[in-house]
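Visitor: Got chain A; can you put chain B on it based on the hints?
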Amino acid sequence: MERLVAVWIEELSVEAPDGATLRDTLRLLEALEVLCPFTEVVRLGLFVFPVRGPSRFFGGDDEVLKATRQTVLDVTGYTPSLGIGEGLFCAEIAAKKQLILEAGTSEAFRRSLPLDYLGRKDVATTCRRLGIHTIGAFGDLKRARVAERFNKHALVLHALARGETAELREQRDQKLKLRLAQLRGDHVVGEEQMGFFGQRGAADERAEVAAHRLRRRLGPEAVLVASLCGGRFPEDRATLVPWGSPPAPRAPEAPWPGQLRSPSPTTTLTQPVEVQLRDAGDQKVTMLSRGFLSTDPAALLFSSQLRREIVWHAGPWPLIEKWWQAGRKRAHLQVLLASGEALLLVAESSRWWLVGIYD
Amino acid sequence: MFAFSTKRPEIPEELLTTLRPVTLAKNKTLPLGGPWTSLVPHGGLRRGSTVVVNAPQGLGGLSVALSLLSGASAKGHWAAVVGVDDPGVVAVADLGVDLRRVLFVPRPRGAWAESAADLLDGVDLLIVRPPSKASHGAARRLMDRVRERGTVLIVLAEPGAPWPLPSDLTFDITQSQWATSSRLDARYLTVRIRGRGEASRGGEHVVVLPNRRGQAEAS
Numbered sequence: 002m003e004r005l006v007a008v009w010i011e012e013l014s015v016e017a018p019d020g021a022t023l024r025d026t027l028r029l030l031e032a033l034e035v036l037c038p039f040t041e042v043v044r045l046g047l048f049v050f051p052v053r054g055p056s057r058f059f060g061g062d063d064e065v066l067k068a069t070r071q072t073v074l075d076v077t078g079y080t081p082s083l084g085i086g087e088g089l090f091c092a093e094i095a096a097k098k099q100l101i102l103e104a105g106t107s108e109a110f111r112r113s114l115p116l117d118y119l120g121r122k123d124v125a126t127t128c129r130r131l132g133i134h135t136i137g138a139f140g141d142l143k144r145a146r147v148a149e150r151f152n153k154h155a156l157v158l159h160a161l162a163r164g165e166t167a168e169l170r171e172q173r174d175q176k177l178k179l180r181l182a183q184l185r186g187d188h189v190v191g192e193e194q195m196g197f198f199g200q201r202g203a204a205d206e207r208a209e210v211a212a213h214r215l216r217r218r219l220g221p222e223a224v225l226v227a228s229l230c231g232g233r234f235p236e237d238r239a240t241l242v243p244w245g246s247p248p249a250p251r252a253p254e255a256p257w258p259g260q261l262r263s264p265s266p267t268t269t270l271t272q273p274v275e276v277q278l279r280d281a282g283d284q285k286v287t288m289l290s291r292g293f294l295s296t297d298p299a300a301l302l303f304s305s306q307l308r309r310e311i312v313w314h315a316g317p318w319p320l321i322e323k324w325w326q327a328g329r330k331r332a333h334l335q336v337l338l339a340s341g342e343a344l345l346l347v348a349e350s351s352r353w354w355l356v357g358i359y360d
Numbered sequence: 057m058f059a060f061s062t063k064r065p066e067i068p069e070e071l072l073t074t075l076r077p078v079t080l081a082k083n084k085t086l087p088l089g090g091p092w093t094s095l096v097p098h099g100g101l102r103r104g105s106t107v108v109v110n111a112p113q114g115l116g117g118l119s120v121a122l123s124l125l126s127g128a129s130a131k132g133h134w135a136a137v138v139g140v141d142d143p144g145v146v147a148v149a150d151l152g153v154d155l156r157r158v159l160f161v162p163r164p165r166g167a168w169a170e171s172a173a174d175l176l177d178g179v180d181l182l183i184v185r186p187p188s189k190a191s192h193g194a195a196r197r198l199m200d201r202v203r204e205r206g207t208v209l210i211v212l213a214e215p216g217a218p219w220p221l222p223s224d225l226t227f228d229i230t231q232s233q234w235a236t237s238s239r240l241d242a243r244y245l246t247v248r249i250r251g252r253g254e255a256s257r258g259g260e261h262v263v264v265l266p267n268r269r270g271q272a273e274a275s
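The listed protein sequences derive, respectively, from chains A and B.
Just so you know, the first sequence maps onto residues 2 to 360 in our numbering.
Just so you know, the second sequence maps onto residues 57 to 275 in our numbering.
The following block holds chain A by itself, in its conformation from the complex (with noise of 0.2 Å):
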């Protein structure tokens, strides 16, 4: 089980009417982040993050309880109960008690604990009747013994007192995520950028009710909708859903060295059509290992035998992907054909495709 510091701030975890509380958790949520990217807020007034990368990092735990005591001290003015612990269920209770446990020492600890801390009343009571006052002595009874007696979710405690879960359902509040990350949505998106997925105004009504009925005409993959991803090739960086299916991930701004330019094909073909290169003298153009091209094309031919003549062509830009794995090996080619037609070709094991028409 992962080690985790768990920040505990009692003041936040009761829900204020006037929504300060969430808002006080996602500017403290943001500012742990800093400390590290995989904080996350348990429920309110709970944060986790593992350990082990801050803890190199700031050189040692309690460096990092430290840094982590000003950060909440500096954003919300509380001080917080913080602890050490491996898996949720040790170390939020560790954070109540203000405890650090060392690497292995978990196990004991949550042995050690009474029942109550389980947080069903009437297990802790039968099994004190029963002559079992820690979770460490409930664990040890047969899975099979404890389904007699109680109903199935006694056996979720069960396998959580033997060490085969690490938390609890209960300690997690399944919506807080949804409603911070609504509430972050809001400062960053303005009130023109509404958008499909977002809050939404008349108009969206309307695209959405259309939609809904096309959809039922054509059937369920018949309206699209766009978003743009990373990758170096406008056929990569395009993705077309279904419309009503969830939302893709929003475009990445990181940089992709090796990205093909704008201006980008305005038709780029889902199935890419093969195509032959010809030189002068009608013999096939290939891609050489080293990503030259054997000879200047001068023919593009269709499979249907229709021949177009090539006027100036661009590239290849050989683009090797993953290669330390079953590598991918493409080439793009620009060509303008004398028909006043640009378009993007791929040489990929040693054919030549169609995949994007400038029209």
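Heads up, a few of these hints could be off.
Said to hold, decoys possible - Calculated cross-link-like contacts (lysine to aspartate or glutamate; reagent style DMTMM-like; alpha-carbon spacing at most 25 Å): (1) B/Lys131 - A/Glu206; (2) B/Lys189 - B/Asp141; (3) B/Lys189 - A/Glu342; (4) B/Lys131 - A/Glu209; (5) A/Lys97 - A/Asp205; (6) A/Lys176 - A/Asp25; (7) A/Lys97 - A/Glu209; (8) A/Lys143 - A/Glu171; (9) B/Lys131 - A/Asp205; (10) B/Lys84 - A/Asp25; (11) A/Lys143 - A/Asp174; (12) B/Lys189 - B/Glu214; (13) B/Lys84 - A/Asp123; (14) B/Lys84 - A/Glu206; (15) A/Lys176 - A/Glu16.
Honestly, the hints are just simulated from the structure, not real lab data.
Guide: Leaving out everything else, chain B in the frame of chain A:
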């Protein structure tokens, strides 16, 4: 004598104030972006009008049609693209169209006119590329519906399959010239714009579409 020869009574002042047009003229047009604002009369697309973009296949018709969306899309209007089989999403985004408010119907399976009519209720701009020559009746019905809904219909037509009815505004692409360096750089399109009313004067203009950033630009 005759009823029409009698003098009309004065309209009361308080009634006059209520008789102002409910819709302002600027609400009746959708904004254009890029170079088109200065080339098209009133700098916008009148709601309820039909725009036809005539171009041989592969010579910039789709780019022109998509660039007509950019201004309105940035202002929050919805658009739909019917019958464009494999839209180049990157190019669409480069042209300034907000992808979150565009619906694509790539292959309407012979029901392009019905699909377009369905979408008219939901979007403000609609690009249609009929898969074959549009019939007179289908075109008439669609244009009537467009006028009634106050949408703007942008039809992508080819010289071989022209739009059968006169449109309010027509963009004819007469020439297309690529500027190249070590890659495709920019395309100079010669566009003749003609139409009814003020647009009837027409004129040929050269626009850069796309330029090095994939956008439309006056040359």
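Visitor: For each hint, tell me whether it holds in the structure or not.
Guide: Verification of the hints:
For the hint linking B/Lys131 to A/Glu206, the alpha-carbon distance of about 17 Å falls within 25 Å, and the restraint holds. The straight-line distance between the Cα atoms of B/Lys189 and B/Asp141 is roughly 16 Å, inside the 25 Å bound, and the hint therefore holds. As the CA atoms of B/Lys189 and A/Glu342 are separated by approximately 22 Å, the hinted pair is consistent with the 25 Å bound. Note on B/Lys131 and A/Glu209: the hinted pairing holds, with a Cα-Cα distance of about 18 Å set against a maximum of 25 Å.
Taken as a hint, the A/Lys97 and A/Asp205 pair is broken in the structure, with Cα atoms around 47 Å apart against an allowance of 25 Å. Using a Cα cut-off of 25 Å, the hinted pair A/Lys176 and A/Asp25 holds, with the two alpha carbons roughly 17 Å apart. Distance check on the hinted pair: A/Lys97 and A/Glu209 sit about 48 Å apart at the alpha-carbon level, beyond 25 Å; violated. Restraint check for A/Lys143 and A/Glu171: the C-alpha separation of about 24 Å stays at or below 25 Å, so the hint holds.
A threshold of 25 Å between alpha carbons decides the hint, and for B/Lys131 with A/Asp205 the separation of about 13 Å falls inside it, so the pair holds. Under the criterion of a C-alpha separation no larger than 25 Å, the hint pairing B/Lys84 with A/Asp25 is inconsistent with the structure, at around 45 Å. Note on A/Lys143 and A/Asp174: the hinted pairing is violated, with a Cα-Cα distance of about 31 Å set against a maximum of 25 Å. In summary, the hint linking B/Lys189 to B/Glu214 is supported, as the alpha carbons are separated by about 9 Å, within the 25 Å threshold.
At most 25 Å may separate the alpha-carbon atoms for a hinted pair to count; B/Lys84 and A/Asp123 exceed this at roughly 70 Å. Using a Cα cut-off of 25 Å, the hinted pair B/Lys84 and A/Glu206 holds, with the two alpha carbons roughly 21 Å apart. The suggested pairing of A/Lys176 with A/Glu16 holds, with an alpha-carbon distance near 14 Å, which does not exceed 25 Å.
Comparing the model with each numbered hint stated earlier shows that hints 5, 7, 10, 11, 13 do not hold.
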